[in-house]
Amino acid sequence: MKTPNFDARMDRRDMERVRGEIREFLANDPALTKPRADSWSHFDAAFSRRLGQAGYIGMTWPKQYGGHERNSLERYVVVEELLAAGAPAAAHWIADRQTGPQLLRFGTEEQKMRILPAIARGECYCSIGMSEPDSGSDLASVRTRAVRTGDKWIINGRKIWTTYAHHNHFILMLCRTSDDPAARQQGLSQILVPLDTPGLSIRPITNMAGEHDFNEVLFEDVQVPADALLGKEGAGWTQVMSELAFERSGPERFLSSFVLLEAFVDRARMEPSAEAATLIGSMISRLVPLRGMSMSIAVQLGRGELPNFEAALVKEMGSLLEQDLTEKVLGEIVPEADPTSGDKFKRLLAEAVLRAPSFSIRGGTREILRGIIARDLGLR
Amino acid sequence: MIEDSARRTIADGLTTAAIEAAEQGAWAASLWEKLEAQGLSQPAAIAEGGDPGEALEIEAAVIRSAAATATPLPVAETALAGWFLARHAIEAPSGPLSLAAFTAGDKLSLAGGKVSGKLERVPWGRNVVGIVAVAEGKLILIDPRGAKITLGLNMANEPRDTVEFSSVTPLAVGKSADPEQMLCRCAAVRALQLAEASARVLEMTVEYAGQRKQFGKPIGGFQAIQHQMAAAASEVASARVAAQQARLALAADEHVTFACAIAKARANDAAGAVARMSHQVHGAIGFAQEYALHRFTRRIQSWRGEYGSSAFWNRRIGELILKDKERSVWSIISAA
Chain A
1 MKTPNFDARM DRRDMERVRG EIREFLANDP ALTKPRADSW SHFDAAFSRR LGQAGYIGMT
61 WPKQYGGHER NSLERYVVVE ELLAAGAPAA AHWIADRQTG PQLLRFGTEE QKMRILPAIA
121 RGECYCSIGM SEPDSGSDLA SVRTRAVRTG DKWIINGRKI WTTYAHHNHF ILMLCRTSDD
181 PAARQQGLSQ ILVPLDTPGL SIRPITNMAG EHDFNEVLFE DVQVPADALL GKEGAGWTQV
241 MSELAFERSG PERFLSSFVL LEAFVDRARM EPSAEAATLI GSMISRLVPL RGMSMSIAVQ
301 LGRGELPNFE AALVKEMGSL LEQDLTEKVL GEIVPEADPT SGDKFKRLLA EAVLRAPSFS
361 IRGGTREILR GIIARDLGLR
Chain B
1001 MIEDSARRTI ADGLTTAAIE AAEQGAWAAS LWEKLEAQGL SQPAAIAEGG DPGEALEIEA
1061 AVIRSAAATA TPLPVAETAL AGWFLARHAI EAPSGPLSLA AFTAGDKLSL AGGKVSGKLE
1121 RVPWGRNVVG IVAVAEGKLI LIDPRGAKIT LGLNMANEPR DTVEFSSVTP LAVGKSADPE
1181 QMLCRCAAVR ALQLAEASAR VLEMTVEYAG QRKQFGKPIG GFQAIQHQMA AAASEVASAR
1241 VAAQQARLAL AADEHVTFAC AIAKARANDA AGAVARMSHQ VHGAIGFAQE YALHRFTRRI
1301 QSWRGEYGSS AFWNRRIGEL ILKDKERSVW SIISAA
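Line order of the protein sequences matches chains A and B.
Numbered by this note's numbering, the letters in the first sequence go through residues 1 to 380 in order.
Numbered by this note's numbering, the letters in the second sequence go through residues 1001 to 1336 in order.
No wet-lab data here; the hints were simulated from the structure.
Please read these numbers as outputs of a predicted model, since none were measured by experiment.
None of the hints are false.
In the PhoX-like style, the derived pairs of lysine-lysine whose C-alpha atoms are separated by at most 25 Å in a straight line are:
(1) A:K346 x B:K1325
(2) B:K1325 x A:K34
(3) A:K2 x B:K1213
(4) A:K152 x A:K112
(5) B:K1118 x B:K1107
Where chain A lies over chain B, by a calculated footprint (3+ residues, C-beta under 8 Å):
(6) 1215–1227
(7) 1320–1332
Even glycine gets a Cβ: it sits at the ideal position worked out from N, Cα and C.
Make a model of the complete structure from these sequences and hints.
As structure tokens, this is what we get:
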């Protein structure tokens, strides 16, 4: 049985300096006039460009690739401040959080020089190419195929739930590059495909909130050069697994609906009650330890470790917390949620409730995460 | 390592006979003497250099060892009492110590140097040589021997006694003390005990699920079991981190009420969930006297209520936030 490694001790001096800077930036940015619940699902390229120009994307990356060589806790502060403020951060989110680090880890010098500076400027956005119509939680069953022909990869298949493929520049695909039913994880590779490549078509999928961020992406004889391969051929599964700690451990796993809590507190301050105080406390007493856990993972990621067990624990607890917040506010306080309301609280409640089902699905379902935790406990 | 030596001492002294005797109300004298002889009864005194953070970590290591073994002795209470006494420049007497429960039931007067009144639910009141309490806004250390003691127990058969004093001269009177602040400090320690007892319960349950076979395989192979254990593991992890955050706040002397309140609320709920799931996974054997699970889960269920329930602390946290009108919730959380 493994014991997770969480250490809440950390040097906070650099963090607090960056916090002051990013708060000032956000206080003066026009995109923040309308804070959004689940703000990292709201796409605003102009905002991401401003953020990139100010040095808040690719913060931990080497300067030669457009980064700023800040430490991982400084980046953590920026990310949590974006979420807490409800900033529309979707455009650069995936590229900054995982595609960029993945390129840094596995990319060639040419790939890094070509793509990372554009990501850091807030101009280049990426999608995750993992799920397929028949491959969700069972990721190793992906069937989208890439065949090496001369100096090209020819790709056929489809990817689904591809967030902002219709706006983004690249999709980092997990493709099957060889067949061996006995070793299905070994036949996978990661290929970075520009989303404007001929043969690639993008079909919108509207979510239950009535918004279009998902897509299905169809690949019909899509040709990319051989050097679109990321890392090693056949190492796709291992590479994807190293992406997951970045994907699962961040503050977006428990702060998606935080702006709702803030709006709820604003209301309760005008009409305080014991019930409201207890509800607020019950959320804060879960959130604060979770934040400590997530920050501890950020430190470990910064050291080059891959705390997948710890990340699964954060996501497991975080998605429960995010969902319980909307559930409790809706269930116990009985306000009228209204997505069109000028009342900030009513609007944010509607936004959070309508997005809450996705919290325990995206980035690995609750069931998959519990399976990972159980494995590290030694039960499977 | 302090923790290793505490564990070894406890493993040697905590025999089945000692456990059974303690359940029947006997004082585990020989184990206590061994712990005291090694200085483990006053762990903060082991810390050199006066760094409060280091003292708290050493104290935590000893309390962790006792909680993870369900040691039937006031290890945590003696350490806590010693910590308070040190802050008031009072030398801790040797022997087991305790403190008030800091509930509304405490009613002590201090007049002409004499203490009168009643303390309810004092941990190990019948066994200790001194109790730390607050009388008329001042910290006092008072000897319960000779006072009127009405015996009581918690669900783990740990003594929780009512102690009545009638014009007793305290062993020492300290500076002014805030019972609220003392309650916070005690809550942080109960939170650590809850987290560590839960960690042990999780460990026992994972082990059991790997051994117990039904339908031809270990029950740990079933997803229904795995998912409960995964949820329990996340509860344990967050309770432990919350307890550490409280120690860091205490060491820095910043946001102490906030951090201790969070630690106790989180530990209460986490431990409750872990106890529930672990009993479910154990099935009937976990309910049997002969099996050790209940030694931990009875402590968990008792400690959840001591030094503040989740509802108590959650409401306190919420009230702190509602009152602090100049700051957003986020600025409060991110500063803590």
